[in-house]
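Enquirer: Here is how the chains run, residue by residue.
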Amino acid sequence: MKKPFWEVISTLDKRWIFLSVFIVITLPILFPINLPLKASEPVKKFYENIESLPEGSLVMISDDYDPGSKAELYPMTESVMYHIFKKKLRVVIVSLYASSPPMTERALNVMRTLFPNIKEGVDYVNLGYKDGREATIVEMGRALQKAFPTDFRGNPVGNIPIMKGVENYNSFKALISISVGYPGTKEYVQYAQGRFNINLLTGAAAVSVPEYSAYYNAGQIKGMLTGITGAGEYEDLIGRRALAAKATDALSFGHVFIIFLILIGNVAWFTQRHKGASHE
Amino acid sequence: MKRTVPIAILFISGLFMIVQYLVPHYRVNDAAGVIQQWAIIITAAATVLGVANLIRVSLDQALTKKQDWMYKWVILVALVVTAVSGIFWGVEPGTFCNDMIYFNFYTPMASTMYASLAFFIASAAFRAFRVRSWQAWLLALTAVIVMLGRVPFGRLLWGDFPSLVDWIMNVPNTVAQRAILIGAAMGAVSTGLKMIFGIERSWLGGSE
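Protein sequence lines, in the order shown, are assigned to chains A and B.
Once you know that position 156 of the first sequence is 156 in our numbering, the rest is easy, because the numbers rise by one and skip nothing.
Once you know that position 19 of the second sequence is 19 in our numbering, the rest is easy, because the numbers rise by one and skip nothing.
Rather than coming from a laboratory, the hints here were simulated on the basis of the structure.
Estimated spans, in silico, between C-beta atoms of each pair:
1) B:N104 / A:K119: 28 to 38 Å
2) B:L156 / A:N159: 52 to 62 Å
3) B:K65 / A:T113: 45 to 55 Å
4) B:A78 / A:L30: 27 to 37 Å
5) B:V28 / A:E120: 31 to 41 Å
6) A:K45 / B:G86: 33 to 43 Å
7) B:E92 / A:I23: 34 to 44 Å
8) B:M113 / A:N159: 38 to 48 Å
Each computed EDC-like pair below joins lysine to aspartate or glutamate, with the alpha-carbon atoms no more than 20 Å apart:
9) A:K146 / A:E167
10) A:K119 / B:E92
11) A:K45 / A:E211
12) A:K3 / A:D13
13) A:K87 / A:E48
14) A:K38 / A:E48
15) A:K44 / B:D166
16) A:K87 / A:E120
17) A:K44 / A:D236
18) A:K164 / A:E55
19) A:K86 / A:E120
20) A:K173 / A:E48
21) A:K222 / B:D166
22) A:K86 / A:E51
23) A:K38 / B:D160
24) A:K222 / A:E48
25) A:K45 / A:D236
26) A:K87 / A:E51
27) A:K87 / A:D123
28) A:K44 / B:D160
29) A:K45 / B:D166
30) A:K146 / B:D30
31) A:K38 / B:D166
32) A:K2 / A:D13
This structure is a prediction, so every number in the text was calculated from the model and none was measured.
Beta carbons: idealized from backbone N, C-alpha and C, even for Gly.
Only chain A is shown next, with the shape it has when bound in the complex:
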């Protein structure tokens, strides 16, 4: 006997759901439709903050994520670097995650092809990873060159031109924490932002945005890229739609599909429950 429609739905094998999710996410990536992007307030503030820095200013990026969150946060690293080099700023990059520096190097490699004139050690330096978490964050505020005595390639920082005169956070016009969790933006706020009066910006994984919103609303974070959507909006502002903008299409469809699943799952449940009650 043929099963009623809602009974089929309520007992649907989860592998059909997995297949549907795969199709819904993959199609917009393969065939982007470029949905219009409009920057939200935290993204605008992030953009305007970097835009307001004078040429030649020194900024710090703290790349604090692992390859698991590469899809969400690597596009931010690329976009932020693009904006920095387009504005002719200089950048020192550090990492509190052991697995982050290779992704930083990859982003720098992309930048070298886009901006052939930038020079390692003059316009940028990757200081690599340092263990110590909160202790490293505080130590950078005291004496950065003691916390990072060499760069990613093992060159003493004292010999690197961009590091001349750099003592601590006061040497930087902004600190951009691209962060997936611990240690990251939250620790920079708690251990360094207020104490060293840092102009702190963050690129945050979407899951951290509700927590960081409290810091943003308190003015401790001056601008925020909110997950992959925020990264896409930022790409639109800097005039380089790349990885994040493409992913935003897929995310749109993914969200709509999950809402559809919640709806249809509940209708099926309600129908079956109602049917069960009427049979009793």
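Got chain A; can you put chain B on it based on the hints?
Expert: Chain B in isolation, oriented as in the chain A frame:
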């Protein structure tokens, strides 16, 4: 003695780190810097200890063929190959450790683990998220608004979706987050003081 000395060290260094925050003298600042350096070194040493422990536990389980022993060999081989290639041939772009292990093995595996969440969330949304009470209705409604308002598709449906999401994030969310953060901070202060004054001693190990 085994307990008194660690408690005394914690008392002195803990109290000093509180005092140095309030005394902006260069000698105090220098001394605090030395302690910060020690903290960084001890954290790095703990990583070495972690690796040694991982080898000991995994090797024991692999050799005695305990449950899932074959996976312990995978851990050990991966650990040795990664460490040896990184230590002897470097970790810069172009090296085996960077190009092969990091980008061809580690990155896709880590991304796959994280991406698989999307499938489980979708399945859970369909099979487990039931609006049985008014609280569940509230949660479902908020989730739908935030999910739509956070993506460009939502703006196409209704131009004010993002504003509604901003209100949810800036008012109810911020209020709740601040309560959690302040509560957690007060708990951390309380625990810190209990440890400094030797009231909380579970960090020493043992049953006390």
